[in-house]
Amino acid sequence: MKITTKGLNLERIKADAYLLACFEDKKLLEESFNFLETNTGKPVDGLIKDDFKGKNSQLKSFYHAGRRFILTGLGKRKLCTLEILRCSTARAMKAADSNGNKSVALFLYDGELIDYSFEEIITGQVEASLLSLYKFNKYIHNKKDTPKDQINEIIFLTSQAKKRNVEKHINTAVIIAESNINARDLGNEPSNIATPQYVAGVINSYGKKYGFNVKTFDKKALVKMKMGCLLAVAQGSANEPRMVVMTYNGGKKGQKPYAIVGKGVTFDTGGISIKPSQGMESMKMDMNGAAAVIGTMNAVARLKLKVNLIGIVGLTENMPGGSAYKPGDIITSYDGKTVEVLNTDAEGRLVLADCVSYATEFKPKCIIDLATLTGAALIALGHTSTALISNNDELSEKLIKAGNDTFERLWRLPDWDDYDRLIDSEVADVANIGQGRLAGTITGALFIKRFVKDYPWAHLDIAGTGMSPKAGDYVPKFSTGVGVRLLTRMFKDSQ
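Residue numbers for the sequence shown follow my numbering, so the first one is 1 and each next one is one higher.
Treat the hints with caution; some may be incorrect.
As the list claims (entries may be wrong) - Distance windows between CB atoms, simulated:
1. E11 x E167: 18 to 28 Å
2. F35 x W416: 55 to 65 Å
3. P43 x K477: 40 to 50 Å
4. R77 x K2: 29 to 39 Å
5. L28 x E167: 41 to 51 Å
6. R421 x N171: 47 to 57 Å
7. S425 x G382: 29 to 39 Å
Claimed, not checked - The calculated DSS-like cross-link candidates involving lysine-lysine, where the alpha carbons are at most 30 Å apart (straight line), are:
8. K256 x K477
9. K398 x K477
10. K453 x K135
11. K209 x K138
12. K453 x K470
13. K78 x K363
Honestly, the hints are just simulated from the structure, not real lab data. All C-beta atoms, glycine included, are put in the ideal place defined by N, C-alpha and C.
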């Protein structure tokens, strides 16, 4: 994608379509039409003015002065939020794309919105522009919907006075959007391609490209380290597991790092406790937690944020092979706790148990894990909100704020001892599921909590938000990359 920033002189700009967001307020809408007329030298047709009122979600495409314009409505200015601006921008981009336009010029709204900074207003539009055009179509041939038929150039238009400041925010937004797309691509990649070994190789290439250190532990190393939970999940698969540790040092020397940990089950059949066949193809996306960690590492390193950050992903398949682990097995985790396996489809928490235990060795400021962990999170919150369980109020508040700012919203659930007792085992230190189907999202998280020691910890269950059954304005169908924008925002705010 070619991305440039230019001034408002249309005589010097060549694009297939020109996009402009307009408010519904009568005076502001008149100003928008006056702006077009001043910059094109021709009056806008009265029928167009009568038809387009600037209402939220309204689109109007028309030719004017030899150019195609797409107007997108923002609704009333006093009611306009950053998310409305994002979605409005995304809809206009999608409209231009569906029209077959290859290059588009977007007039950036650079005025004021209540409660939002100039940086947020600019980055919101840029992120939405790029994210709305995402398509995973690398395996499609001889179809109309291929990369060569998509928009390949975006020109962001702003006043010369603000151009330098705008360009800085555009660069930031592009990095964050591209990092989110990195995560989407990994989640969407078919599992016959995206094996644990493949994903580890991708991480290594990102580390070399963006400037963070990567250390990969293969099966032999994991056996030596006694990563019993991760190895148990992996033992039914012909594809060997990996644990990858990423290290970025952008903060002060000696400053405690943040640790982010991701579940990377590259395909989840459920193991011996096998899943129903319907919808199982989506289980290639059961590594979306790991994908979010990888995307966040990319963003933080590319933005050169002044933080120290450790990223850890446990990569494995969960298969019902002849050597697969079984219900009733008792396995020993990396930190020495014994785990009674009651259901092999509760494998993500086992992978995370060993990975968060390993994270504690870095003496981190906090540990944040992300996982498509429980169907219960999807039942409780749908595809709208990510479940948050934490042992620390301050960390939770930072995450919730970052979630609200990026519209990757979180809903906190309790971590009370009453729920923790549900995963007690009569034959081991802990059981890998609770009693029946009650409070499944909470008990899944509290299983992980038993392995984080006393460190501030937060668990993000992205089962509903990491995978989408249909496309939104800038959130695609299938893998969404959720978590990347949220965590990057939190680390950006924490510098």
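A quick look at each hint next to the structure:
1. For E11 paired with E167, a C-beta distance near 21 Å keeps the hint of 18 to 28 Å intact.
2. For the pair F35 and W416, the beta carbons lie near 56 Å from each other, so the given range of 55 to 65 Å is met.
3. Between P43 and K477 the beta carbons are some 41 Å apart, a value that agrees with the proposed interval 40 to 50 Å.
4. A hinted range of 29 to 39 Å for the beta carbons of R77 and K2 is consistent with their spacing of about 32 Å.
5. As the Cβ distance of L28 to E167 is approximately 26 Å, the hint placing it in 41 to 51 Å is violated.
6. A C-beta distance of roughly 50 Å is found between R421 and N171, which places it inside the suggested range of 47 to 57 Å.
7. In this structure the hint that S425 and G382 lie 29 to 39 Å apart at CB holds, the actual value being about 32 Å.
8. Between K256 and K477 the alpha-carbon distance is near 37 Å, which puts this suggested pair outside the 30 Å criterion.
9. A threshold of 30 Å between alpha carbons decides the hint, and for K398 with K477 the separation of about 28 Å falls inside it, so the pair holds.
10. Between K453 and K135, the direct Cα distance comes to roughly 41 Å. Violation of the 30 Å bound is thereby established for this hinted pair.
11. At roughly 22 Å between alpha-carbon atoms, K209 and K138 fall within 30 Å of each other, so this suggested pair holds.
12. Our distance criterion of 30 Å between C-alpha atoms is broken by K453 and K470, whose separation comes to about 39 Å.
13. Restraint check for K78 and K363: not satisfied, since their Cα atoms lie roughly 46 Å apart, outside the 30 Å limit.
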